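Number of protein chains: 2
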Amino acid sequence: MTATAPGTGARPGPVGGTLPSARTRPLPAGAVRLGPSGLLGRWQQRNAAATVPHCLGALETSGALDNLRRLLDPADPEHHAGPYRGFNFADSDVHKTLEAIAWESARSGAAPHEAEVRRVVDLLRRVQGPSGYLDSHVLGSDGTAGTAPSPEPYADLRWGHELYVLGHLVQAGVARARATGQDDLLDVAMTWADDVVSRLAAGEELVCGHPEVESAFVELFRETGDAAYLEAVRRMLELRGHGRLGSGPFEPAYHQDATPVREATEVAGHAVRQLYLLAGVVDLYLETGEDALLAAAARQWDDVHGRRTYVTGGMGSRHKDESFGDPFELPPDRAYAESCAGVASVLWDWRMLLATGEARYADSLEHALLNVVAAATSTDGTAFFYSNPLQVRTGHDGADEYQASGRRGWFACACCPPNLARLVASLHTMVATRDGDGALVVHLYGDADLEADLGSELGAGPGTGAPLRLAMRTGYPWDGDVVLTADAPSPVPLALRLPGWADAARTRLDVDGVEVDVPTALDGRGYLRIGAGARVVRLSLPMEPRAITAHPHVDAVRGCVALARGPVVHCLEQVDHAGVVLEDVVLDVAAGLEVGPPDDTLGVGATLVGTGRATPAAGTPLYRDRARDAAGGGVEGGVELPVRAVPYAVWGNRGEGPMRVWIPVAAPPRPGDRRRSGR
Amino acid sequence: MTATAPGTGARPGPVGGTLPSARTRPLPAGAVRLGPSGLLGRWQQRNAAATVPHCLGALETSGALDNLRRLLDPADPEHHAGPYRGFNFADSDVHKTLEAIAWESARSGAAPHEAEVRRVVDLLRRVQGPSGYLDSHVLGSDGTAGTAPSPEPYADLRWGHELYVLGHLVQAGVARARATGQDDLLDVAMTWADDVVSRLAAGEELVCGHPEVESAFVELFRETGDAAYLEAVRRMLELRGHGRLGSGPFEPAYHQDATPVREATEVAGHAVRQLYLLAGVVDLYLETGEDALLAAAARQWDDVHGRRTYVTGGMGSRHKDESFGDPFELPPDRAYAESCAGVASVLWDWRMLLATGEARYADSLEHALLNVVAAATSTDGTAFFYSNPLQVRTGHDGADEYQASGRRGWFACACCPPNLARLVASLHTMVATRDGDGALVVHLYGDADLEADLGSELGAGPGTGAPLRLAMRTGYPWDGDVVLTADAPSPVPLALRLPGWADAARTRLDVDGVEVDVPTALDGRGYLRIGAGARVVRLSLPMEPRAITAHPHVDAVRGCVALARGPVVHCLEQVDHAGVVLEDVVLDVAAGLEVGPPDDTLGVGATLVGTGRATPAAGTPLYRDRARDAAGGGVEGGVELPVRAVPYAVWGNRGEGPMRVWIPVAAPPRPGDRRRSGR
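The listed protein sequences derive, respectively, from chains W and R.
The numbering of the first sequence is the working numbering, which starts it at 7 and goes up by one.
The numbering of the second sequence is the working numbering, which starts it at 7 and goes up by one.
By construction, these hints were calculated from the structure, which means they are not laboratory data.
Quantities reported herein were computed from a predicted structural model and do not represent experimental measurements.
Worth double-checking, as some hints may not be accurate.
The calculated label-pair distances, taken between Cβ atoms and stated as ranges, are [claimed, not checked]:
id, chain 1, residue 1, chain 2, residue 2, range
1, R, A301, W, G412, 32 to 40 Å
2, W, W165, R, A208, 36 to 44 Å
3, W, D193, R, A633, 54 to 62 Å
All C-beta atoms in this analysis are idealised placements derived from N, C-alpha and C, irrespective of residue type, glycine included.
Using the sequences provided together with the hints, build the complete structure.
Laid out in structure tokens, this is it:
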């Protein structure tokens, strides 16, 4: 049981407010504390101890803070005389880092890095223009520092990213206000935001090439109650989808500017932009209840999850324009699957879950979180993947940071690291919600303590006036047993997510010593319902290793399986298969898969082991007649070997080398083959 | 038998000269005439009648000629007042079109478009700077026309493309001189070339981000005998490979600037750049005999053909940087396989063939020519593919010209159409060569008449003083029978290529009515040798349809076959499979493949037919547990249907729609499956 920091425990986390159209509502940010022994809690601790300080340091070394200091009076001792550095949206790295620190404050109840934060807030305030405008790339383009001469604000909506930068500034300000009660950063953000709202109200057609400000302005409405921010979002969504942003080098769909938001049936264009936009669309729905918004988002969710998502939860197949690609175009080797798309997918899933209360959105959220998002950061918390391939080949050229063979400390375009930091700092707020009927709904399993005043305004619903204290103990996702213990009979019903990968017939549920029939307990939204009064709930999920196949139209992985256990997707790494070329290995699925031992180096509680065969393919011609090819492409026969699969989340932490998620399956003998194995 | 135009028949074609280090040498450009009834001859006729005029017209509509007219005195009636249009290397579109017209002159013995050509030559001469410099993008960048202010020549070697433009100008000038005897364009080109040679000699480190000038300068040496051009090429090759060109947004390997040319073991970077460079490297070898050059080229040839070539002959897998990609990274759907890479591959193969006399280079040349290069142009000769995918999916977004679902008349970057035109206009020169031992070597089969004075300087070797007149008659590649008839017993030995796809044991060869044992006649370089004195030679190649499998490391096509007959790769198109979704179709390879009827609409002499099955996959989840998936991914069972494959070269000529070269093979029953087909 946990005491929350005075005055902050009851404040909201991200997506904080009354959410009139939500089916299920977030708890206060302090309601859930993830324990240090579980996967999620350790992740948050590592984020606080390593990733957030690393990001803060990189704001100095990358030039992101100097870009702001350039704008100070040259007589100011803090003035920086060098040129602008980095992409034109580098300010957002600063803002995302501030947001991460804020949520970390809310999580820990401490005030980490407060002196640095105050210095940055002071810097922002001092360089902010009289209108509130605060994009250092545009403000600093005076022709004296090697950049293009004096662009006007909002002159290049397609590529300028100014409202994107504003969005992140707003989110940082809101987070700091909620986490610490300090309005200093929020004031800076609102000064700029108010100018944008005025311009929109005056008819200026401000719509940003990179969505993000939409969610931010809805949060600002939640924080201030000022409906002008909602109206601004509505206006920006209406402006979008009519080709206003122009094109070149990419088509309007790249910027989600080809189809009006309410009419879209498929995801399109740049994945991160599309996913942020959809999060914003659902944010507006949560406040307004406009069904067309949720319906459009749900259609696009079905499209992307039915046709354009990697088995790791990654999204955005293409390197060239960072876009989704055609339906079923999911190459593992050239998967772009940007880390920020993983983050954005989680943010969208969270809002879909709040809007609908349906477990499939929580399934997706957890899946992306534990696979593509987790993989983006090294086990020490200080190196990152920009893109997250599902295969690295022998001979891969990883010189380019967008297709690196290993994680890197920072990037020319450094959007991902602080984005990961802000998400991880707040992920305890996604563990549970309060349903419209008052039930406490548990979405994510992990070692956690929950303390909620169920009569409080947040997590509203039929209040009981009684606090609920609940301890969740589990080795999940390495173990399928989850035990929830309330310190008194629960005053409200409970609901536990039955993950989509879990077979209800093999799931066990026990409430205060009485076994409950799982199919009967399962509601229409994917949760196991337990009436009020429960004290000890034991859920046992089936954790047998699973071999996963893809839809037959996913040509790139035909004849392969991916290995999973619970929500965790696994991969093979060369380092675990000495003496063979990883691409030569095929899996003998019929020989079965077993749970392997934990790996303390990688920090995982389980691995998978199986049997494979390797036939050296060196010297095989690139193409040959099948009629001459008695061995069916060289995947039969070969030397038997043990296969070890580790969680995808931790690949690439033992040096660089080949890796693959999709593993070719040993072909069954063909009619007429005289031998099955050996050469 | 054909009379060549007076004075031009004995002139050389491309790669024209004594080629001291060649193992086999080109014939004069007029030695071979392709007949109008064969595939190659019809292609040349269409090129002359449709493609070349189309390119000439596009030089006007695209602005390529106006870019030059901008540089005229404003008082000049021909002066153009508008801004520069297109990419900074648009001049090369003009030069490649001029080269195509020149080779077309040599082929036809006529002087097509001569008035237009003279006007363009005159325009070039009038805008040429005093030093000879003639890049209209740089010359026209005076800040008055919307372009960047006044760049200096050669200030941006990485991206400026100036020597690339010069190379194409030189090749056009050489072609016009050889084809027509007119030196007007050659003089313009040499004025610029001589300035570059002087700069190099003075120590300027001129090395172009886009190779092309290397082959051109070697041709200029062949044409003029001036060794300074050879020395310039040697110097440019030495300058390359040391990172002089810098980087951004791509690494030095993109420009082949990471590794010295003599040390390279793999192809790297932008495919067209690499392939042009390798053609130039072999051109220098042909003149100098420096073994290190040929050895490096041969290593890279083995790399690209063993690990990085599509089954269509296409090269360059990646869209993002137009590069080759990692070994075995050959996705059919995202194949970039630029048309210009196909052209460049043919040009390199031709030089490798001349250098070595080995049939595998002719195999590759023919394969690229009849598949990826042929596919790039529509059946009417006026529309083109920029990239040449091996699969188009249902739902493909073909809005971008680089991934278009259908051919287009022109492109923002219009490198491909005139490149195709110049190659096709000269491809009769690749039909046969003269070996070092005096033999006439036939590389390409087609309806053709050959007339060569074997004592002439070109096609040198032990001369006989006697002319050889040879008629080749065949329906190849639709028919495997080739008959060569000399009008008198051949004064020299003959050698006929045995294609790599042809099984020697099933090939028949008959010389003057006597059957020859094919394995015995086969020399170590892949040719069937026939002694002097032959009059009628009949070659019969085995033309059974073939199902081709890929190396097991080509993950993207696992479980699939490509269909071929002779050198022609086939594909399935949706238009031939009404009532099913093309992606649902699997091929029953065991049911066999038959030769189907010709298709006059598509202009092909044969198609392929087989048996497939289609199981609708709509509604199948994107991922599912294999254990729950009794049907093995949905590719078994289904409705039986006839499958029709058409040559890849003619895909996309009957409207836009799904297409695939690699076809999933119906899975054999798995142990434990209770049924094989039907649902």
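Right, here's what the structure says about each hint:
1. R:A301 / W:G412: 32 to 40 Å: Distance hint for A301 of chain R, G412 of chain W holds at roughly 33 Å.
2. W:W165 / R:A208: 36 to 44 Å: holds, 42 Å
3. W:D193 / R:A633: 54 to 62 Å: For A633 of chain R against D193 of chain W, whose Cβ atoms are near 57 Å apart, the range 54 to 62 Å holds.
Of the numbered hints stated above, none is contradicted by the structure.
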